[in-house]
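> What follows is the residue order along each chain.
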Amino acid sequence: MLDSVFFYFFAGVAILSAALMVTRSNAIHSGILLITTLLATAGIFLQLRADFLFIAQIILYAVGIMVLFLFALVRLRLHVSVGQIKFSRQKYVGSLVALALAFQVGILLWSSRQIPGDGLLIQGAAPAEKLPPNTQELSRILFSGYLLPFEVASVLLLVSMIGAVLMVRRRSASE
Amino acid sequence: MMPVGHYLFLSLALFIIGTIGVITRRNVIVVLMSIELILNAVNLNLVAFSRVFGDASGQIFALFILLVAVAEAIIGLAILIAFFRNRETLQTDEMDLLKW
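First to last, the sequence lines map onto chains R and L.
Heads up, the first sequence is in the working numbering, so the first residue is 1 and it goes up one at a time.
Heads up, the second sequence is in the working numbering, so the first residue is 1 and it goes up one at a time.
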């Protein structure tokens, strides 16, 4: 019961702030609303008993990336883009195509619950108190089966850091 | 545990809102934010199914998607800052160097 109250609250917050994010004209407001959406999704992760992802989502997205975005917005002189036209020319066609996609996937999800016994309404998940400690379980899997992807991800982060520093650096006068 | 279909529909809604943002907005930074929203919707699916099947591998995949999203945001913003320095614009329809 409490589970579903949690879910619907966070789902409502997420969808509402996502919709507002796409429609606000001020990019700073969009950034703040994106933080709200990501925090609401973190709440849903917690409701799904994914404790580690809950913390990682808050630290990485809601703090790290948003500071980055807001910094970029301020640095790129936001007032230049305020007051210009918000949507591009293909807005009606684009929205129509996206909504058609939503309709198709929705129909697909809806019809798949008709499959007896194998549909979407899987209820057999283990009760929450039977689950192993989430962070412990996650690290056990990460450092046994997924060790190579873990190392590759660290290389990816290093490369992106170097790339970002190189691209943002000002050209010196001698070049 | 809620029926997993509810999570799928929530994820679908977030995905579509993100897609609309990517297609229709003119400000490139908001387009990048919408991409983050799309990746987040995918994560929601992975975590929901990981809970349903009692297998934490889904959460590992969500973690890697998180990492790739971080790298993408860093590189994207760096490209935008370098682009803004050259062209003084952040509007998608003014980025037409490859058009003829």
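It is possible that some hints are incorrect.
[Stated by the list, open to error] Straight-line Cα separation of at most 20 Å, EDC-like style, residue types lysine to aspartate or glutamate; simulated pairs:
1. Lys91(R) / Glu88(L)
2. Lys91(R) / Asp93(L)
3. Lys99(L) / Glu88(L)
4. Lys91(R) / Asp96(L)
[To be verified] Here chain L is said to cover these stretches of chain R; the calculated rule only asks that three of the stretch's residues, wherever they fall, bring their Cβ under 8 Å from a Cβ of chain L:
5. 16-22
6. 28-40
7. 45-58
8. 96-102
9. 131-145
[What the hints assert, rightly or not] Interface residues of chain L toward chain R, partial, derived using beta-carbon atoms under 8 Å:
10. Gly5
11. Arg26
12. Ile35
13. Ile38
14. Val47
15. Ala48
16. Ala56
17. Leu77
Since the hints were derived computationally from the structure, they do not count as laboratory data.
Glycine included, each C-beta is placed from N, C-alpha and C at the ideal position.
> Confirm or reject each hint.
Hint-by-hint comparison with the structure:
no., hint, verdict
1, Lys91(R) / Glu88(L), "violated, 24 Å"
2, Lys91(R) / Asp93(L), "holds, 12 Å"
3, Lys99(L) / Glu88(L), "holds, 18 Å"
4, Lys91(R) / Asp96(L), "holds, 18 Å"
5, 16-22, "holds (count 4)"
6, 28-40, "holds (count 5)"
7, 45-58, "holds (count 8)"
8, 96-102, "holds (count 5)"
9, 131-145, "holds (count 7)"
10, Gly5, "holds, 4 Å"
11, Arg26, "holds, 5 Å"
12, Ile35, "violated, 11 Å"
13, Ile38, "violated, 10 Å"
14, Val47, "holds, 5 Å"
15, Ala48, "holds, 6 Å"
16, Ala56, "holds, 5 Å"
17, Leu77, "holds, 5 Å"
In terms of the numbered hints stated before, the structure departs from hints 1, 12 and 13, listed from lowest to highest.
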